[in-house]
Amino acid sequence: MNSRNSDRRDCIYSCTKKMLKVPEHQVAGHIASDGKLGPLVDDQGRFFKPLQGDSRGEHEAKFYESFTSNKKVPDHIHRYFPVYHGTQLVEASDGSGKLPHLVLDDVVSGYANPSVMDVKIGSRTWYPDVSEEYFKKCIKKDRQTTTVSLGFRVSGFKIFDHQESSFWRAEKKLVLGYNADGARLALRKFVSSNSPADSNLTPNCAFASEVYGGCNGILAQLLELKDWFETQTLYHFNSCSILMIYENESILMKGGDDAPAPRAQVKLVDFAHVLDGNGVIDHNFLGGLCSFIKFIKDILQSVEKHDETDTSLLENGR
Amino acid sequence: MQLKAPEHQVAGHIAKDGKPGPLVDDKGRFFKPLQGDSRGEIEVKFYESFSSNTEVPEHIRRYFPVYHGTQAVEGSDEAAMIVLENLLADYSKPSVMDVKMGTRTWYPEASEEYIQKCLRKDTGTTTVSAGFRISGFEVYDHKESSFWKPERKLLRRLDVDGARLTLRKFVSSNSFSDIGSKPDSAFASSVYSGSHGILTQLLELKTWFESQTLYHFNSCSILMVYENESILKGNDGDDARPKVKLVDFAHVLDGNGVIDHNFLGGLCSFINFIRDILQSPDESAES
Numbered sequence: 001m002n003s004r005n006s007d008r009r010d011c012i013y014s015c016t017k018k019m020l021k022v023p024e025h026q027v028a029g030h031i032a033s034d035g036k037l038g039p040l041v042d043d044q045g046r047f048f049k050p051l052q053g054d055s056r057g058e059h060e061a062k063f064y065e066s067f068t069s070n071k072k073v074p075d076h077i078h079r080y081f082p083v084y085h086g087t088q089l090v091e092a093s094d095g096s097g098k099l100p101h102l103v104l105d106d107v108v109s110g111y112a113n114p115s116v117m118d119v120k121i122g123s124r125t126w127y128p129d130v131s132e133e134y135f136k137k138c139i140k141k142d143r144q145t146t147t148v149s150l151g152f153r154v155s156g157f158k159i160f161d162h163q164e165s166s167f168w169r170a171e172k173k174l175v176l177g178y179n180a181d182g183a184r185l186a187l188r189k190f191v192s193s194n195s196p197a198d199s200n201l202t203p204n205c206a207f208a209s210e211v212y213g214g215c216n217g218i219l220a221q222l223l224e225l226k227d228w229f230e231t232q233t234l235y236h237f238n239s240c241s242i243l244m245i246y247e248n249e250s251i252l253m254k255g256g257d258d259a260p261a262p263r264a265q266v267k268l269v270d271f272a273h274v275l276d277g278n279g280v281i282d283h284n285f286l287g288g289l290c291s292f293i294k295f296i297k298d299i300l301q302s303v304e305k306h307d308e309t310d311t312s313l314l315e316n317g318r
Numbered sequence: 001m002q003l004k005a006p007e008h009q010v011a012g013h014i015a016k017d018g019k020p021g022p023l024v025d026d027k028g029r030f031f032k033p034l035q036g037d038s039r040g041e042i043e044v045k046f047y048e049s050f051s052s053n054t055e056v057p058e059h060i061r062r063y064f065p066v067y068h069g070t071q072a073v074e075g076s077d078e079a080a081m082i083v084l085e086n087l088l089a090d091y092s093k094p095s096v097m098d099v100k101m102g103t104r105t106w107y108p109e110a111s112e113e114y115i116q117k118c119l120r121k122d123t124g125t126t127t128v129s130a131g132f133r134i135s136g137f138e139v140y141d142h143k144e145s146s147f148w149k150p151e152r153k154l155l156r157r158l159d160v161d162g163a164r165l166t167l168r169k170f171v172s173s174n175s176f177s178d179i180g181s182k183p184d185s186a187f188a189s190s191v192y193s194g195s196h197g198i199l200t201q202l203l204e205l206k207t208w209f210e211s212q213t214l215y216h217f218n219s220c221s222i223l224m225v226y227e228n229e230s231i232l233k234g235n236d237g238d239d240a241r242p243k244v245k246l247v248d249f250a251h252v253l254d255g256n257g258v259i260d261h262n263f264l265g266g267l268c269s270f271i272n273f274i275r276d277i278l279q280s281p282d283e284s285a286e287s
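These protein sequence lines are chains R and C, in that order. Just so we're aligned, residue 1 is where the first sequence starts under the UniProt record's numbering, counting upward by one. Just so we're aligned, residue 1 is where the second sequence starts under the UniProt record's numbering, counting upward by one.
If we strip away everything but chain R, and leave its shape as in the complex, we get (with noise of 0.2 Å):
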């Protein structure tokens, strides 16, 4: 390698080591703060999440490397899974010293201002031959929340609020603590332009048919999933999320030819608990996907059914 090269990758080295910081994105998992062990991002569009003590860390990596080379995901399903880059040793947030990271690609990278919400995805986050103790706590939580009844919960979210040119984050403790209209009303609110602080206000739904609907939109991106789901026979994604991401911002430019789409995208994270499948699909995760699946087609719906009512209206007021 010629020293000009060398210089280059020294550089991206300094570089990568200066400008890791703590992502802004983040609704659920565990967060770099106050000290604590989390996830890092670099400027150069990658994420570096800590391989976590015990031995869910390595699980991860193993899934990633397992996942990236294995022939038989489909080539469409891939883009549904953050692209993995590897370990590498990484200074930890929590000053301890160099641990190996998993280095993906931020999902979020390329965005401005993403509204990004965490959905755990399973009426289970339990799997077989776990220990005692993991069992009974997984199953307390997954009985408190919806993950029982829904099959799947709401972990977190954060909006764009455009009257505040900031950024609003959901209350942990009220987002677990979430029934079934609790789910519903976070969904709505996730696309809504109106106030997401003011809690008496009813979510307008103003963006919900342009990131929930459309031949690229949420919806149509967790049916390709489903679909897949069906008849893989690879994984168990226990205790996985779906990341729901898109632009708020270009949204509201309407007018503006350039205006950029709010790409809205549906990502998996989170496999410290991945199994292999065995021949058996992922049935866990796959009903989960279809009560999920549902909630969206009701919001979407019912948005169709507001518009009509509204023409119908201004028609028959002429």
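Bear in mind the hints are in silico, worked out from the structure with no lab data behind them. Every residue, glycine too, gets a C-beta built ideally from N, C-alpha and C. Fair warning: there could be bad hints in the mix.
Stated by the list, open to error - Short, incomplete list of chain C residues facing chain R, as computed with Cβ under 7 Å:
(1) V128
(2) A130
(3) G131
(4) E210
(5) N262
(6) L264
(7) G265
(8) G266
(9) N272
What the hints assert, rightly or not - These stretches of chain C come out as covered by chain R in the derived footprint (C-beta under 8 Å, 3 or more residues):
(10) 101 to 112
(11) 252 to 259
Claimed, not checked - When the alpha-carbon atoms are kept at most 20 Å apart in a straight line, the in silico EDC-like pairs for lysine to aspartate or glutamate are as follows:
(12) C:K117 <-> R:E132
(13) R:K137 <-> C:E113
(14) R:K226 <-> C:E204
(15) R:K136 <-> C:E113
(16) R:K226 <-> C:E210
(17) C:K245 <-> C:D90
(18) C:K206 <-> R:D298
(19) R:K137 <-> C:E112
(20) C:K233 <-> C:D90
(21) R:K267 <-> R:D105
(22) R:K226 <-> C:D276
(23) R:K137 <-> C:D122
(24) C:K45 <-> C:E78
(25) C:K117 <-> C:D37
(26) R:K141 <-> C:D122
(27) R:K136 <-> C:E112
(28) R:K72 <-> C:D276
(29) R:K297 <-> C:E55
(30) C:K117 <-> R:D142
(31) C:K121 <-> R:D129
(32) R:K297 <-> R:D181
(33) R:K141 <-> C:E109
(34) R:K136 <-> C:E109
(35) R:K141 <-> C:E113
(36) C:K93 <-> C:D239
(37) R:K297 <-> R:D307
(38) C:K117 <-> R:E133
(39) R:K172 <-> R:D161
For this one, chain R is given, so just place chain C on it according to the hints.
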């Protein structure tokens, strides 16, 4: 009216220790005693709701037993039996299998005791691992010219591979009692595939479950039935008349705007097992 015990009960309650079991008459009706506690009531409520529910599409009704109301015990007003269509009335030599559908048989509204009991059973069977478990079956053994039924205890111990094997055996001609022989899946295509086969019916049910929010079919079973008589007569199984029916509604609850994701997940898994058998009828082709 002549009432007698049904010949081919594969799962659920049977007449035992002075407690009544189900009965059939010669007019194609099945009499199911109302179970104690509230289960009998819940099942009646379900059948009553379902039979008059205009939101249930017509093509889905065929998957449910026809309901003929309740019947009181002689000399009392109390409903003692649910009167249903005898699902096996038109079959002369039926092979029958009962598959309890769902990743879990418990539900949040149940008592803690019931939940724990169900959890134990679910984790010990293929309910947790595969999303369904085989509760019982009876097959016509073509070699022995008689019916064969396994011990229920054995069924509970089935693992995923055992369930797969059993689903193959269900459509095989070689002797059931011969444990060593590999099932030949001779009737797999007549029973499982085709435009009127089990798979087609299951797929129709699946589509409905993806959007129906009317009922949650906790702990319900899918019954699979087919006729052996035509196979014996050498009609190449044309008239196997495979049928899928949902049964056992003692724990059905309102859907409350949510789909029955528990049943649906299990149903999709079951569908995949059937598909696998159709795709590789020769067991050794499976990896």
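Now for the hints, and whether the structure bears them out:
1. Contact between C:V128 and chain R, as hinted, is supported at the beta carbon level, the nearest pair being about 6 Å apart and thus within 7 Å.
2. Of the supplied interface hints, the one on C:A130 holds, with its beta-carbon coming within about 5 Å of a beta-carbon of chain R, less than 7 Å.
3. Contact between C:G131 and chain R, as hinted, is supported at the beta carbon level, the nearest pair being about 4 Å apart and thus within 7 Å.
4. The criterion of a C-beta within 7 Å of any C-beta in chain R is met by C:E210, whose closest approach is roughly 6 Å, and the hint holds.
5. Look at C:N262: its Cβ gets to within about 6 Å of chain R, closer than 7 Å, so that hint holds up.
6. For C:L264, the shortest C-beta to C-beta distance to chain R is roughly 5 Å, which falls under 7 Å, so the interface hint holds.
7. For C:G265, the interface hint holds, since its Cβ comes within 7 Å of a Cβ in chain R; the closest pair sits about 3 Å apart.
8. The closest approach between the C-beta of C:G266 and any C-beta of chain R is roughly 6 Å, which is under the 7 Å cut-off, so the hint is satisfied.
9. Of the supplied interface hints, the one on C:N272 holds, with its beta-carbon coming within about 5 Å of a beta-carbon of chain R, less than 7 Å.
10. Judged by the Cβ-Cβ criterion of 8 Å, the segment 101 to 112 of chain C is covered by chain R as claimed, because 3 of its residues qualify and three suffice.
11. Counting residues of the segment 252 to 259 of chain C whose beta carbon lies closer than 8 Å to any beta carbon of chain R gives 4, which meets the minimum of three for the stated coverage.
12. Taking the CA atoms of C:K117 and R:E132, the gap is near 16 Å; set against the 20 Å cutoff, the hint holds.
13. Using a Cα cut-off of 20 Å, the hinted pair R:K137 and C:E113 holds, with the two alpha carbons roughly 19 Å apart.
14. Simply put, R:K226 and C:E204 have alpha-carbon atoms about 17 Å apart, close enough for the 20 Å limit, and the pair holds.
15. In summary, the hint linking R:K136 to C:E113 is supported, as the alpha carbons are separated by about 16 Å, within the 20 Å threshold.
16. With a C-alpha separation of about 11 Å, the suggested pairing of R:K226 with C:E210 holds against the 20 Å cut-off.
17. Straight-line distance between C-alpha atoms of C:K245 and C:D90 comes to about 14 Å, which keeps the hinted pair within the 20 Å bound.
18. A distance of roughly 19 Å separates the Cα atoms of C:K206 and R:D298; the hinted pair therefore holds under the 20 Å criterion.
19. At roughly 17 Å between alpha-carbon atoms, R:K137 and C:E112 fall within 20 Å of each other, so this suggested pair holds.
20. Taking the CA atoms of C:K233 and C:D90, the gap is near 17 Å; set against the 20 Å cutoff, the hint holds.
21. Only pairs whose Cα atoms come within 20 Å are accepted, and R:K267 paired with R:D105 is accepted, the gap being roughly 12 Å.
22. Restraint check: the Cα-Cα separation between R:K226 and C:D276 comes to about 19 Å, which is no more than 20 Å; the hinted pair holds.
23. For a cut-off of 20 Å, the pair hint linking R:K137 to C:D122 stands: about 18 Å separates their Cα positions.
24. With a C-alpha separation of about 15 Å, the suggested pair C:K45 and C:E78 falls inside the 20 Å cut-off, and the hint holds.
25. Only pairs whose Cα atoms come within 20 Å are accepted, and C:K117 paired with C:D37 is accepted, the gap being roughly 16 Å.
26. Restraint check for R:K141 and C:D122: the C-alpha separation of about 19 Å stays at or below 20 Å, so the hint holds.
27. Annotation: proposed proximity of R:K136 to C:E112 holds, straight-line Cα distance about 14 Å (limit 20 Å).
28. Between R:K72 and C:D276, the direct Cα distance comes to roughly 16 Å. Compliance with the 20 Å bound is thereby established for this hinted pair.
29. For the proposed pair R:K297 and C:E55, the alpha carbon gap of about 18 Å is at most 20 Å, so the pair holds.
30. About 18 Å separates the Cα atoms of C:K117 and R:D142, which keeps this hinted pair within 20 Å; it holds.
31. Taking the CA atoms of C:K121 and R:D129, the gap is about 15 Å. The hint holds against a cut of 20 Å.
32. Using a Cα cut-off of 20 Å, the hinted pair R:K297 and R:D181 holds, with the two alpha carbons roughly 15 Å apart.
33. The hinted pair formed by R:K141 and C:E109 meets the criterion: a straight-line CA distance of about 16 Å does not exceed 20 Å.
34. Proposed proximity of R:K136 and C:E109 is supported: the alpha carbons are some 19 Å apart, at most 20 Å.
35. At roughly 19 Å between alpha-carbon atoms, R:K141 and C:E113 fall within 20 Å of each other, so this suggested pair holds.
36. Distance check on the hinted pair: C:K93 and C:D239 sit about 12 Å apart at the alpha-carbon level, within 20 Å; holds.
37. Among the hinted pairs, R:K297 with R:D307 is consistent with the structure: their alpha-carbon atoms are about 15 Å apart, no more than 20 Å.
38. The hinted pair formed by C:K117 and R:E133 meets the criterion: a straight-line CA distance of about 19 Å does not exceed 20 Å.
39. Restraint check: the Cα-Cα separation between R:K172 and R:D161 comes to about 18 Å, which is no more than 20 Å; the hinted pair holds.
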